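Single-letter residue listing:
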Amino acid sequence: MAQDDKIIEQIVDRYDADVGMLIPMMQDLQAECGYLPLEQLHSLAKQLSLPLSRLYAVATFYASFHLAPKGAHEVTLCVGTVCYLKGAPKISEAISREFHVETGGTTRDRLFTFQAVNCVGACAVAPVMIVDGKYYNGVTPASALEVLYGLGKNETSVEKDGET
Amino acid sequence: MTLLSNKRLSSIAELDAQRKELLSSRAPSTKSVYVCTGPGCAAKGSPKLYELFREAVSQANVDVEIRAKAVGCHGLCEYGPIVIIEPGDIFYQRVEEPDVAEIFRETVLGGRLVDRLLYEHPATGEKLDTVDKIPFYQVQQRVALAYNGLIDPTEITDYITEGGYSALAKVLSSMTAEEVVSEVEAAGLRGRGGGGFPTARKWRSCREAEGSPKYVICNGDEGDPGAFMDRAIMEGNPHSVIEGMLIGAYAIGSSDGYIYVRNEYPLSVERLKLAIEQAKELGLIGENILGSSFSFDIRINRGGGAFVCGESTALMASLEGRPGEPRAKYVHTVESGLWEKPTNLNNVETWTNVPAIINRGGEWFAGIGTEKSKGTKVFSLVGKVVNTGLVEVPMGITLRQIIDEIGGGIPDGKRFKAVQTGGPSGGCIPAEHLDARVDFDELTKLGSMMGSGGMIVMDEDTCMVRVAKYFTDFLQKESCGKCTPCREGLAQMLYILDRITDGEGQVGDVERLEGLAELMEGTALCALGKTAANPVISTIRYFRDEYDAHIKEKHCPAKECRGLFRYEIDADACKSCGICLQNCPAEAITGEKKVPYVIDQEKCTLCGTCWEKCPFAAVLKV
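Protein chains in written order, with our numbering: chain G, 3 to 166; chain Y, 1205 to 1826.
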């Protein structure tokens, strides 16, 4: 707990407790924890003398904030206009169907969080899928699933290695 | 930064001396390898190419100087990764890792061409060796992107060598604030973010507004899907944005700047951060810049993933740490903006144009373009077009020139249907208006708008009702919900569009959409809501027959809306291979060897698997 408070303290200090930098602070918190844990938000609100509702309003307004833990991998599918025209909806459907996950959700085994975003600015190579920061271009439903099944495999092989 | 001693430059003379030193240190015989690491090329693996070239340079045992540079977007993303070799301006396309050694040996060291990596003229098949021979580049004119592709965006010395920060020096040494505003006024520069408001008028209002401090903001929240102009500038030449802001701040009388960058652009943030650090080290940002009395600091904020934050008042709310909800515009932001202080906000591309205007004069800039739209505009040309990429053209060029001459037309022998400009608030322009000139006013007349510069080409396979639905769905999700017309109006529009594309459209639906559109335009709070109906209205205006076909004949002319067309097997083309039968999940296909297969329409679920799997294109959409 003391450790947790320290994280918040560092973040607040980084921005000189400037309330105008609330969004960057919350971004830093999320970068640290992977999501915005309620306890940390409480502590951030207290340090900035803001009501928790202010932070909650910000956390729920902006699409990039998460109030729940994310999966081990981050899968982002671009559904900007060009990706859409070039088949992103079919890719999204295929992922949802195969992994039983809706956009914005996380698979039940926490393998990955599946996000759909509006345009990542790589329209020239659409459709684009980003897995843990790596760009895959010209994606098809089949190639997207192949990449995602690869994630699962690596995971199990790592676990197996650990066991033996 | 090998040459600079990281010493603060305390006068303009020192900056000039630094530049001279940098220029003289580069031997005329220097050979350069420019590897494009813009968004498109990077997604295709160009950073690895850069590494390999650097290795090759370090291992080469020759007495000429060779440098490998990772540079910003070259524009012709479709043919990436792109590598350019100097001297000679040799253009290599679709370069892969195994090609690096050959390019290095043959071209860099040997001065010979690697034929197979040259761009091939699509019509004549002729191999073109240099940038200026490629049709894609011939019609273009580069001002905002002038140094993209020439400089390493992570090295301030590259920018300074090419004349960077000389406009700032000129302003500080010889121009009054009013003279700067007048120069921008003479240039006729209008806001590149979409609105097209005269930049000089905004600057003057902010300068004359009462209150202090005054803020200067760069809007890098490039939210329009299909647009990546600002990303390419921020990542390819971040110092040009910073220099533009410095000049603007000097003219306005501001010492505090913000750059607001979209959450989805982490590399832009990284590049700008580094650029700001380097500029601070040299004293180009901070107190008493270049020994003058002018001081200016810049802070970067990342967005949170909300489209509406591209709207100026929403962006300012976000900078104050609040949800990005716009406010009514009768209070002008130049008088009461961020923290209720006078605030001047311009878009990335607008700022980038400023140093060029100061260096070459407003008159020069005004010589490019049309009567009321001056200069150039960067577009991201994407969608169903052969040469997708980033293009910069003089205002007044026709849509046809952009799509056919630069874009190389429509791929796969398909027919052009429409071009969508202006992002989600823009509209779709049909073939009969392809000869329209691209400027702020012409595009507005056609029911679309300039917007920030996304240009999405659509071919005959695109259903225009679905396009309208796509944008409405986008805007409905991005509406901040503050005002009722936008929040509820978009939801109702989407509901109607959904039923039309599901084949349940009712006679009168088009009129209902028009009614909602009028209401939203007249009563929504911000520009997002006021223009939200544009995609629907412009598609109704030019493609009314497609709406009618969906509603009255329950048929989708582009054969995209599931249920509004059928799959049939062309008996002449069918080779009876059985692939469709094996793959049909509904067991709706029957047939046997040597007899064409048939789809049972009663059983068919219209999933399209047979159409995708048929190797002979014998499955037709009718």
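These aren't lab readings, by the way, just hints derived from the structure by calculation.
From a predicted model like this one, the values you see are computed outputs, not experimental measurements.
One or more hints might be untrue.
Result set (DSS-like, lysine-lysine): computed pairs, CA atoms no more than 30 Å apart in a straight line [as the list claims (entries may be wrong)]:
1) K1252/Y with K136/G
2) K1779/Y with K48/G
3) K88/G with K1758/Y
4) K1484/Y with K88/G
5) K1763/Y with K92/G
6) K1545/Y with K88/G
7) K1779/Y with K92/G
Okay, the calculated beta carbon distance ranges per label pair [said to hold, decoys possible]:
8) R1258/Y with E95/G: 19 to 29 Å
9) G154/G with R1691/Y: 35 to 45 Å
10) G135/G with P1789/Y: 41 to 51 Å
11) G135/G with N1265/Y: 49 to 59 Å
12) C1811/Y with E76/G: 24 to 34 Å
13) G135/G with D1267/Y: 49 to 59 Å
14) E95/G with A1231/Y: 55 to 65 Å
We put the beta carbon where it would ideally sit given N, CA and C, even for glycine.
Taking the hints in turn, this is what the structure says about them:
1. K1252/Y with K136/G: Satisfied, since the Cα-Cα distance of roughly 13 Å is no more than 30 Å.
2. K1779/Y with K48/G: Cα-Cα ~73 Å, so violated.
3. K88/G with K1758/Y: Holds, because 24 Å separates the two Cα atoms, which is no more than 30 Å.
4. K1484/Y with K88/G: Roughly 44 Å between the alpha carbons, so the hint for K1484/Y and K88/G is violated.
5. K1763/Y with K92/G: holds, 16 Å
6. K1545/Y with K88/G: Roughly 45 Å separates the two Cα atoms, so the pair is violated.
7. K1779/Y with K92/G: holds, 28 Å
8. R1258/Y with E95/G: 19 to 29 Å: Cβ of R1258/Y to Cβ of E95/G: about 42 Å, so the range 19 to 29 Å is violated.
9. G154/G with R1691/Y: 35 to 45 Å: Taking Cβ atoms as reference, G154/G and R1691/Y lie about 40 Å apart, which means the hint holds.
10. G135/G with P1789/Y: 41 to 51 Å: Cβ of G135/G to Cβ of P1789/Y: about 35 Å, so the range 41 to 51 Å is violated.
11. G135/G with N1265/Y: 49 to 59 Å: Cβ of G135/G to Cβ of N1265/Y: about 37 Å, so the range 49 to 59 Å is violated.
12. C1811/Y with E76/G: 24 to 34 Å: holds, 30 Å
13. G135/G with D1267/Y: 49 to 59 Å: violated, 41 Å
14. E95/G with A1231/Y: 55 to 65 Å: The hinted range 55 to 65 Å holds for E95/G and A1231/Y, with Cβ atoms some 58 Å apart.
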